[in-house]
Amino acid sequence: MDLALYGELAVNGALSGLMYSLVAMGIVLIYKSSAVPNLAQGAMTMLSAYVVLAITSRFGAPMWVAIPLAMGTMFFVGMGIERVALRRLAGRPIVMILMMTLGLDIFIRATSMAIWGGTTRPMSIGISAEPLFLGPLLLNRASLVGAVVAIALFVIFELFFRTRMGIVLRAIADDYTASWSVGISVDRGVALSWAMSSAVATTAGVLWGSVQGVDQSLSLLLLKGVTVAVLGGLDSIGGAILAGVLLGIFEAVASGYLDPLVGGGSRDLVVAAALILTILIRPHGLFGRHDIERI
Amino acid sequence: MLFRQAGIFHTDYAAARALFPVTADRWMIIILLLLALTAPLTMSSLALSTNMLPWLVWTSAALGLNLILGWAGQFHFGYAAIMGIGAYTAVHGARNGIPWEIAVVLGGLMATVIGIVFAFAALRVKGLYLALSTLALQFVMDWVISHVPAISGGIQAMLQAPALRLLGQVVASDAGLYYVALGWCLMVTVLMLNLRRTALGRALVAVREKDFAAAVIGVHSLYYKLVAFATSSFIGGVSGAILIFTFYHAATPEQFEVNVSIQLLAMVIVGGLGSIIGSYFGAAFILLMPSLLNSLIAWLAHHMGASLGVEALAHIPYAVYGALIIIFLLVEPMGLGKMYNNLRNYLLVWPFGYARK
Numbered sequence: 143m144d145l146a147l148y149g150e151l152a153v154n155g156a157l158s159g160l161m162y163s164l165v166a167m168g169i170v171l172i173y174k175s176s177a178v179p180n181l182a183q184g185a186m187t188m189l190s191a192y193v194v195l196a197i198t199s200r201f202g203a204p205m206w207v208a209i210p211l212a213m214g215t216m217f218f219v220g221m222g223i224e225r226v227a228l229r230r231l232a233g234r235p236i237v238m239i240l241m242m243t244l245g246l247d248i249f250i251r252a253t254s255m256a257i258w259g260g261t262t263r264p265m266s267i268g269i270s271a272e273p274l275f276l277g278p279l280l281l282n283r284a285s286l287v288g289a290v291v292a293i294a295l296f297v298i299f300e301l302f303f304r305t306r307m308g309i310v311l312r313a314i315a316d317d318y319t320a321s322w323s324v325g326i327s328v329d330r331g332v333a334l335s336w337a338m339s340s341a342v343a344t345t346a347g348v349l350w351g352s353v354q355g356v357d358q359s360l361s362l363l364l365l366k367g368v369t370v371a372v373l374g375g376l377d378s379i380g381g382a383i384l385a386g387v388l389l390g391i392f393e394a395v396a397s398g399y400l401d402p403l404v405g406g407g408s409r410d411l412v413v414a415a416a417l418i419l420t421i422l423i424r425p426h427g428l429f430g431r432h433d434i435e436r437i
Numbered sequence: 496m497l498f499r500q501a502g503i504f505h506t507d508y509a510a511a512r513a514l515f516p517v518t519a520d521r522w523m524i525i526i527l528l529l530l531a532l533t534a535p536l537t538m539s540s541l542a543l544s545t546n547m548l549p550w551l552v553w554t555s556a557a558l559g560l561n562l563i564l565g566w567a568g569q570f571h572f573g574y575a576a577i578m579g580i581g582a583y584t585a586v587h588g589a590r591n592g593i594p595w596e597i598a599v600v601l602g603g604l605m606a607t608v609i610g611i612v613f614a615f616a617a618l619r620v621k622g623l624y625l626a627l628s629t630l631a632l633q634f635v636m637d638w639v640i641s642h643v644p645a646i647s648g649g650i651q652a653m654l655q656a657p658a659l660r661l662l663g664q665v666v667a668s669d670a671g672l673y674y675v676a677l678g679w680c681l682m683v684t685v686l687m688l689n690l691r692r693t694a695l696g697r698a699l700v701a702v703r704e705k706d707f708a709a710a711v712i713g714v715h716s717l718y719y720k721l722v723a724f725a726t727s728s729f730i731g732g733v734s735g736a737i738l739i740f741t742f743y744h745a746a747t748p749e750q751f752e753v754n755v756s757i758q759l760l761a762m763v764i765v766g767g768l769g770s771i772i773g774s775y776f777g778a779a780f781i782l783l784m785p786s787l788l789n790s791l792i793a794w795l796a797h798h799m800g801a802s803l804g805v806e807a808l809a810h811i812p813y814a815v816y817g818a819l820i821i822i823f824l825l826v827e828p829m830g831l832g833k834m835y836n837n838l839r840n841y842l843l844v845w846p847f848g849y850a851r852k
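Chains A and B, in that order, are what the protein sequence lines are. If you want the working numbering, it's the 1-based position in the first sequence plus 142. If you want the working numbering, it's the 1-based position in the second sequence plus 495.
Keep in mind that a hint or two might mislead.
Pairwise CB distance ranges (calculated) [stated by the list, open to error]:
#, chain 1, residue 1, chain 2, residue 2, range
1, B, F847, A, S323, 38 to 48 Å
2, A, I298, B, K705, 58 to 68 Å
3, A, I298, B, Y718, 28 to 38 Å
4, A, F302, B, L514, 53 to 63 Å
5, A, R225, B, L514, 42 to 52 Å
Covered stretches of chain A (in silico footprint by chain B; criterion: 3 or more residues with CB under 8 Å from a CB of chain B, positions within the stretch not fixed) [claimed, not checked]:
#, segment
6, 154 to 166
7, 243 to 255
Worth flagging that the hints you see were computed from the coordinates, not collected in a lab. Every value quoted in this text rests on a predicted model; they were computed, and no experiment measured them. By construction, the Cβ of each residue, glycine as well, lies at the ideal position given by its N, Cα and C atoms.
Build the full structure now, drawing on both the sequences and the hints.
Here it is as structure tokens:
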């Protein structure tokens with residue numbers, strides 16, 4: 143087959159895979175501190191895109207003002223979700239926690255649909271749609287920006303986890319009973335990780351919104367985000383970045399190969415298969431901690 | 496009515512282990528059964544076919560999911576896919592001339608076989624990872640059902656179900672279809688009620704509580720997990736088939752999508768994990784709530800003069816549905832079944848509250 147075509151698919155896949163990492167990073171941040179698998183991350187991504195649009199259309203703010211404002215709003219939304227819904231569930235069976243995040247997912251999705259309606263809205267953040275030529279390869283500018291943002295966020299988080307607050311979060315992630323006993327406020331740490339994860343969701347929402355428009359389908363990024371998070375190891379941010387690249391390449395190449403054979407729409411299948419294979423072969427992911435209980 | 500435990504003394508083991516040791520409960524069950532049997536006479540045919548029938552079928556599906564989730568403690572986020580496999584197998588079977596009863600059982604068996612594939616994920620991992628892998632399998636099943644023309648009849652196709660023939664007789668009236676659903680629901684309920692009293696049920700509960708502790712006392716946890724997956728898949732497959740034959744009358748892939756799985760989970764959680772009467776409550780709650788809410792909103796909009804857009808009206812029931820799941824988990828995590836139980840325990844000895852066990 144055509145090698146250049148697959149090369150192009152792979153490179154663009156890697157770039158959009160890095161954009162999946164943005165969603166996965168939010169999941170990882172929350173899982174790391176509180177062991178809650180946040181299945182509402184897709185809905186939060188969608189909500190944040192709507193918040194950005196609402197700020198620009200209501201107050202006429204330019205994009206570069208609206209995005210930080212939306213990040214700030216989502217910061218407190220995330221904190222609120224943790225305070226109201228998740229804190230009281232600490233220590234409950236995991237099925238309740240999963241159901242809670244699914245309930246949040248339904249609630250956030252339906253509420254934003256009820257407020258803003260279901261029509262797809264464009265979101266332009268000033269990235270031209272023209273492809274970028276890199277030798278023989280055509281690159282998607284929006285994905286390129288997304289990939290750069292993802293890597294920048296990774297660097298920011300690496301630096302953040304060296305600060306005092308970051309060390310507190312790492313301590314909570316390591317062993318929260320022990321951190322409790324040395325006087326770390328675990329509740330505040332968990333709330334902070336929810337808040338940061340919601341702020342990360344804003345970047346994902348803006349970037350994906352600029353690629354595919356803002357509508358309910360943004361919340362479907364959840365499956366890809368979860369797959370990337372599991373593949374990278376649920377508690378490793380670096381893993382989320384690498385797994386994003388891997389999944390992006392795998393998805394693009396495999397669906398590029400499968401789509402002509404089965405008549406399209408095989409992307410979700412490829413992602414679901416990647417998730418199943420990861421769980422069956424290496425449930426703790428590439429860089430996750432090994433304390434998964436095997437049976 | 497009052498002090499209903501009065502005069503109940505168990506003098507032998509059989510009496511102590513009866514399904515309903517309290518006389519008042521027995522009377523309640525008899526009255527409920529009579530009401531259920533006479534429902535076609537007392538209820539309008541619309542209420543019968545749009546409320547009662549789907550409620551009974553979804554209840555049996557919720558009971559099946561409760562078996563795996565509430566009893567055996569294994570996550571199953573792909574139960575709708577299992578129902579879909581049963582439904583499609585049964586419809587294809589019936590279309591190809593297999594008698595209806597056998598086609599439905601075949602659907603159940605097919606669902607069992609595929610359900611055991613789901614179970615292989617359970618043999619490797621548990622907890623969150625099991626939930627995610629069954630969720631992923633749900634996506635795979637969705638894709639397979641909608642993209643393989645031999646199963647669904649092509650993308651966005653409807654597969655018409657042939658008429659329901661029970662023992663050669665065509666059952667087409669609302670009452671007849673209702674009795675089929677009622678019969679299946681009662682069968683599942685009796686199975687689940689008795690499961691509590693059998694070695695199998697106790698083994699499943701032991702596996703749920705701690706699988707290696709179960710292994711220590713001689714319960715083969717892998718075996719019982721497989722049994723749980725197989726049994727609940729069979730119930731799900733047959734329920735899916737009956738849902739198509741009695742309610743939808745045509746199968747489409749959207750009827751068994753991932754949000755249906757989540758809806759079933761919501762039924763089980765709202766009803767109460769491991770609670771049989773809770774499954775009835777949960778299914779009724781999740782099924783009837785949207786339409787009740789719609790009429791409530793319409794009534795409010797009419798009387799308060801508030802004007803809401805069409806889209807807002809369409810999405811508010813879902814928002815409330817999500818909010819209710821959240822509220823239930825916060826207020827009463829064991830669901831409606833637990834609430835009923837609390838009330839029952841209170842009334843059982845009222846007014847002698849100190850006599851409670």
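Review point. Which of the numbered hints are not met once you compare them with the structure shown?
Key: Structure breaks hints 2, 3, 6.
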